[in-house]
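**Student:** Given next are the chains, with one letter for each unit.
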Amino acid sequence: MTDTPIVPPADRPLLQVRDLARAFHVRRAGGFFGRPATLHAVDGVSFDLRRGRTLGIVGESGCGKTTTARLVLGVLTPTGGRVEFEGEAVPAPGTAAWRALRRRMQMVYQDPLGALDRRIPVGQQVMEPLAIHGIGARAEWRSRALELLDAVGLGATFFARYPHELSGGQRQRIVLARALILEPSLLVCDEPISALDVSIQAQVINLLLDLQARFDLGFLFISHDLKVVRQICHEVAVMYLGRIVEQGDPDQLLVEPAHPYTQALVSAIPIAAAARRRPRLILKGDPPNPVDRPAGCSFHPRCPAATARCLVDIPALKPLPDGRLVACHVAHGEAGARPRAAA
Amino acid sequence: MAITTGSGPSAGEDATTRERNLPPGEIVEKRAPRGRTARFFEAWPPSVLLALGWILAMLFIAAFVEILAAYSYTAMDLRARLTPPVFWGGTDVRHLLGTDELGRDVLSRLLYSIRMSLLIAFFGTLIAATLGTFLGILAAHFRGWVEDVVLMAIDFQASMPFLIIALAVLAFFGNSLILFICLMGFHGWERYARISRGLAISANEQGYAGAVRQLGAPAWRIYGRHILPNIASTLIVSMTLAFPETILLESGLSFLGLGVQPPLTSLGNMVGYGREYITRAPWIMLAPSVIIILTTLSISIVGDWLRDRLDPTLK
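Just so you know, the protein sequences line up as chains A and B, in that order. Position 322 of the first sequence, counted from 1, bears residue number 322 in our numbering, the numbering being contiguous throughout. Position 243 of the second sequence, counted from 1, bears residue number 243 in our numbering, the numbering being contiguous throughout.
Among the hints, a few may not be true.
[As the list claims (entries may be wrong)] A few chain B residues that don't get close to chain A, going by computed Cβ distances all over 10 Å: (1) 218; (2) 256; (3) 276.
[Stated by the list, open to error] Facing chain A, from chain B, some residues (calculated, C-beta under 10 Å): (4) 57; (5) 207; (6) 208; (7) 211; (8) 214; (9) 216; (10) 224; (11) 225; (12) 279.
Simulated from the structure, these hints should not be mistaken for lab results. Ideal Cβ positions, reconstructed from N, Cα and C, are used throughout, including at glycine.
The shape of chain A in the complex, shown without the other chains (with noise of 0.2 Å):
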């Protein structure tokens, strides 16, 4: 990746993630006699995000979704590359900077649940925020915590509840207003509805999208639910295996995708219309476990286009002619030899 030019502070990103990757160090299969081996989550992940803005980030389970979040976070350390937020590093985590920095960051859970504490009444954990960071008197702090519930669309009368006695899309509200009374600027949603009914899922996007509105805020949004990404998204990256496959526009990107684990994506979006509907593309075989990454792209054991290049060269997440970045040698006619015979 390129160095960003420098920016006058207005037009900078909210966040810029460069190169961002994460190893863990595991044991193959074996228990204590296992091989030490190395997994890398993510490697070599690059976007920026502005104020009001939101980037979709999707992908199957374990292709690095919510290590990228943790890691834009802070709550990991990354072992290569840089988060940038607002033209600062994030600093390591528990210090006293990454806990001042919880002002401007916040996160929601995909299990609002887990994400609460029984014991204690969720008024008293929506303002549970403004006492850690010791903003304002305490006397205010519950008119405020009121104020959030109110922005959230819960009444006064939510205060004393406790979370066992709230519907899932109620604790969700009551996970958002917890985030947003310290005024974030960018706000990680890990999964936020995929834990939802259907019918509180369409609530829940509303709601995001008009808090969206009225705090400029930034949304990282991890999400496997392609319509909801498109509906809500400024912009959408494809993960897969631990690297971005595809980012760009989330109309050009899910109604003609390039590349072609996005294609498959996309072919099992589920669509009423007999006469719209596409043939569905089924990949072969699961996804490669990521301690075995294979050579060259990593998506080619289960690529139906990949050609002899594929297997020793890894593809550069590069712009197409109508601007989207695409990791792919085939989409980019770069190819070369035919398609390799099937296996």
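Keeping the supplied structure of chain A fixed, place chain B upon it in accordance with the hints.
**Tutor:** Coordinates of chain B only, in the frame set by chain A:
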């Protein structure tokens, strides 16, 4: 009695789950004929009330033993040695529970023993719980080599028979009441350490503690405000289970002559010195034995009940 009432809470739970599954109208119909007494006993089962009453009585005795006891625990009356209790064919109303081999009043000694045994068990359990929870949370917070050291200490403690440790310590350092209480506090700490370490790690890895950390909370807040209150119910229940054990351990060590030393007296000490007269004057050891059994049973019952009460999701 203990058996029939002991099944009370679970039967009550079944009834509530059954009611929950009924349509709303029927619940009202079922609730209506139940009187205030029935509802009271559902919240406070009779076995729990009896156990609580017994514990309160023991605490009362421990607090006011100087007023309650007719004699000092050292007062001897050699002319009235081995007098049987009044309901055992005894005639001396001055010694309701009889006297021991030195003519000391068993009832008075029993009251002083209750105080001593409760004191040792209470502080012993408290020290063990504090030490264990602290080490467990320390291990969960720092992980790495701190955790390895704590885990090794836990394994060491769990694999050594405590009686041997106690004998060694008492043999080397002599015996004093403070040392003895500290020794009791060293018993069973590894259980609290294991519990608190496991629960704190799981809370940290995912869920509420991780979420609060992500809000920027300092460690004292995460552990003090969130993790400790959440794991407290589990710890309190293990405390109530350990409390009787500490009483029994104290009794055992005193029975072996290594615990509370004469002229001080404790329940185990009384049982130990009474064993020589078990055929001629069994009341000397029967009275403290009954107290040990009833007190440990009461605390276990209350602990079990407390666990359910402390969980807001079960209310």
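**Student:** Does the structure break any of the earlier hints, and which numbers would those be?
**Tutor:** Structure breaks hints 1, 4, 10 and 12.
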